[in-house]
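Chains A and B, in that order, are what the protein sequence lines are.
Under my numbering, read the first sequence as residues 1 to 198, first letter to last.
Under my numbering, read the second sequence as residues 1 to 193, first letter to last.
Everything labelled a hint here was simulated from the structure, so no lab data went into it.
Hints may be right or wrong, so weigh each one.
[Said to hold, decoys possible] In the BS3-like style, the derived pairs of lysine-lysine whose C-alpha atoms are separated by at most 30 Å in a straight line are: (1) A/Lys30 x B/Lys126; (2) A/Lys27 x B/Lys34; (3) A/Lys83 x B/Lys126; (4) B/Lys34 x B/Lys101; (5) A/Lys27 x B/Lys101; (6) B/Lys101 x A/Lys58.
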Amino acid sequence: MSILIYAILSLTVMALIFGAILGYAAKRFKVEGNPIVDQINELLPQTQCGQCGHPGCKPYAEAIANQTDPINRCPPGGEATIKALADLLDVEVLPLDAEAGVDSIRKIAYIREDECIGCTKCIQACPVDAILGAAKLMHTVIVDECTGCDLCVEPCPVDCIDMLPIEVTKQSWHWHKPDNLIATDRQPNLTVTGEDAA
Amino acid sequence: MAEYILILVSTVLVNNFVLVQFLGLCPFMGVSSKLDTAMGMSLATTFVLTLASLCSYLTYTFVLQPLGLEFLRTISFILVIAFVVQFTEMLVHKTSPMLHKVLGIFLPLITTNCAVLGVALLNINKSNGFVESLLYGMGAAIGFSLVLVLFAAMRERINLADVPKPFQGPAIAMISAGIMSLAFMGFTGLVSI
């Protein structure tokens, strides 16, 4: 009979001690914030463009951390960001989500200046402060700052903003990258398909 | 001294936990598809196995044996190991975010692994002393890491190989694991304790 009491007592005491220490440790070693959100946020381009469907990069980072959103909804970041995110989170690299926009050609905004009425609406919409101008005066886009996020096109009441592809100059032109250079470029055999996916 | 080296060699190669004793097969198949994750898992396992064999030895010798409660070893080992790993995870999370990033997700995963409990129980069965228990746990972990990293490297190569259709995916992984196990059987008789 005494062995039974010993058994129950010793396990209870051990569990109580461990529980108390863990409870204390949870308070003592509490980590503020979720470090993974900050890490994801650092990888995002911080254009705050909202093309992912979130009001900015930080909310999108939180959505990725909570696994409510996939990692491929950031057109300004493009493939490089998706790769970096996939590396950080240890998930598969996905192609850029077409709904969020395509990144095939980099574009920048251009304001047809003689049509601009100076309403400042596009200035408020611009996430990176790339539009210069004042009320009742013509606006213009700072080319180096523009990320091509499209957000200024919608609010313009006279539709004087165009998204123009960046012209290829002698400085920015480069050769096409080769398609099948090394063995890892071969795609077909890599993924498990169809019925044997389980 | 020679005895300690023998324990290490015997646990790493001859009685390899994964390929000879078939313990801890789930992480062996589960996280071996990428070399990076395999490395993280190996580090976490080394850490947990060494710590677990130490704690379980202490619990058995200083709590269970004096009270005559040897039959409670399985449940109390699980309790102790889970506690120690959880506590360490909290500590690492607070003090070293970098280390936590490497080990973090794997620590809770490995806690209730059969290899961990296996090491603790085998230590008792072999009536190992303090240092022997420590070395036995460490050897088991090094053996596990070795096999896991080797296997992950093989699977990365297999991914690029032209595998016949019926063998693609998990099938070829199982087959290569089996062949690897056969190869490790070759170490039998290298050391005899």
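Okay, the hints, checked on the actual structure:
{"no.": "1", "hint": "A/Lys30 x B/Lys126", "result": "40 Å, violated"}
{"no.": "2", "hint": "A/Lys27 x B/Lys34", "result": "35 Å, violated"}
{"no.": "3", "hint": "A/Lys83 x B/Lys126", "result": "49 Å, violated"}
{"no.": "4", "hint": "B/Lys34 x B/Lys101", "result": "17 Å, holds"}
{"no.": "5", "hint": "A/Lys27 x B/Lys101", "result": "21 Å, holds"}
{"no.": "6", "hint": "B/Lys101 x A/Lys58", "result": "20 Å, holds"}
In summary, the numbered hints that this structure violates are 1, 2 and 3.
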